[in-house]
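Novice: Sequence:
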Amino acid sequence: MGEPDLGYPWPWAVSRWMDGEVATVEALGDSRGAAVELAGFLSALQRFAPEGAPVDGADTAAEDRSLAARDRQTRAAIAEVGGVFDAAAMTGLWEAALGAPGWDRPPVWFHGDFHTGNLLMDDGRLRAVIDFGELGVGDPACDLTIAFTLMSAGSRAAFRAALGVDEATWTRGRGWALTSGLSAYTAYAAHDARVAEQTTRQINEALAG
1 MGEPDLGYPW PWAVSRWMDG EVATVEALGD SRGAAVELAG FLSALQRFAP
51 EGAPVDGADT AAEDRSLAAR DRQTRAAIAE VGGVFDAAAM TGLWEAALGA
101 PGWDRPPVWF HGDFHTGNLL MDDGRLRAVI DFGELGVGDP ACDLTIAFTL
151 MSAGSRAAFR AALGVDEATW TRGRGWALTS GLSAYTAYAA HDARVAEQTT
201 RQINEALAG
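If you're matching positions, the sequence shown starts at 1 in UniProt numbering and goes up one per residue.
Worth flagging that the hints you see were computed from the coordinates, not collected in a lab.
This one's a predicted model, so the numbers in the text were calculated from it and none came from an experiment.
Heads up, the beta-carbon is just placed ideally off N, CA and C, and yes, glycines get one too.
Among the hints, erroneous ones may be present.
Computed spacing ranges between beta-carbons, pair by pair [to be verified]: (1) 69 - 104: 11 to 21 Å; (2) 157 - 5: 47 to 57 Å; (3) 193 - 48: 33 to 43 Å; (4) 128 - 50: 15 to 25 Å; (5) 191 - 89: 25 to 35 Å; (6) 208 - 122: 28 to 38 Å; (7) 13 - 33: 30 to 40 Å; (8) 20 - 75: 32 to 42 Å; (9) 25 - 80: 21 to 31 Å; (10) 204 - 7: 39 to 49 Å; (11) 7 - 96: 49 to 59 Å.
Just need the whole structure built from these sequences, with the hints factored in.
Specialist: Take a look at the structure:
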């Protein structure tokens, strides 16, 4: 890690290069094996003792990570894209996610930005999880977004079973997939066809469950 100095105003870091390509739905979306591997990664991450780590909700930045903190912007996005997606279905899912019981167990580590862009694959297999800049401790439901950005119905079921996710946490995870998908769609879809395709799939998969 480096500190701001010599005219460069931000912290910086040098990381080891890891070979691989960004994971794609085409390569891994139907793979139950990849889904189970990802569940195993999250299970291992959650087993690490989080003593001394910042707890979700302990400060303003952590509170911004809650679903409730995204309510206004999510409802605005639903209204904005109501002609593209099913507004009633999105509203129903969002309200279900907000109303689902919260995480009532000890806080655990979450990756915080767990989607296809932060998974590397090599020769059609998962190789690495990268970009831990949003790493935190609290409710791990946000990491379930990967089930809707990458997986199909069959592999998603294998992922959920391997991770042992209860209904309330799964519903909150669907809410995270919806709100993050809507945020990216409204910001970028109009001028980035790739983002439009990815986020359209994410939103529809979240609605499908």
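Novice: So, for every hint listed, does it hold in this structure?
Specialist: Cross-check of the supplied hints:
1. Take residue 69 and residue 104: their Cβ atoms lie about 19 Å apart, and the range 11 to 21 Å holds.
2. Evaluation of the 47 to 57 Å hint for residue 157 and residue 5 yields a pass: the beta carbon distance comes to about 51 Å.
3. The supplied range of 33 to 43 Å is met by residue 193 and residue 48, whose beta-carbon atoms lie about 39 Å from each other.
4. Residue 128 and residue 50 have their C-beta atoms about 22 Å apart, which keeps the hinted 15 to 25 Å range intact.
5. Here the CB-CB span from residue 191 to residue 89 is close to 26 Å, well matched to the stated 25 to 35 Å.
6. Between residue 208 and residue 122 the Cβ separation comes to about 30 Å, which falls inside the hinted range of 28 to 38 Å.
7. In this structure, residue 13 and residue 33 meet the distance hint of 30 to 40 Å, their C-beta atoms being roughly 32 Å apart.
8. Between residue 20 and residue 75 the Cβ separation comes to about 38 Å, which falls inside the hinted range of 32 to 42 Å.
9. Evaluation of the 21 to 31 Å hint for residue 25 and residue 80 yields a pass: the beta carbon distance comes to about 25 Å.
10. For the pair residue 204 and residue 7, the supplied restraint of 39 to 49 Å holds, since their beta-carbon distance comes to about 47 Å.
11. A C-beta distance of roughly 51 Å is found between residue 7 and residue 96, which places it inside the suggested range of 49 to 59 Å.
Hint check: no violations occur; every hint is consistent with the structure.
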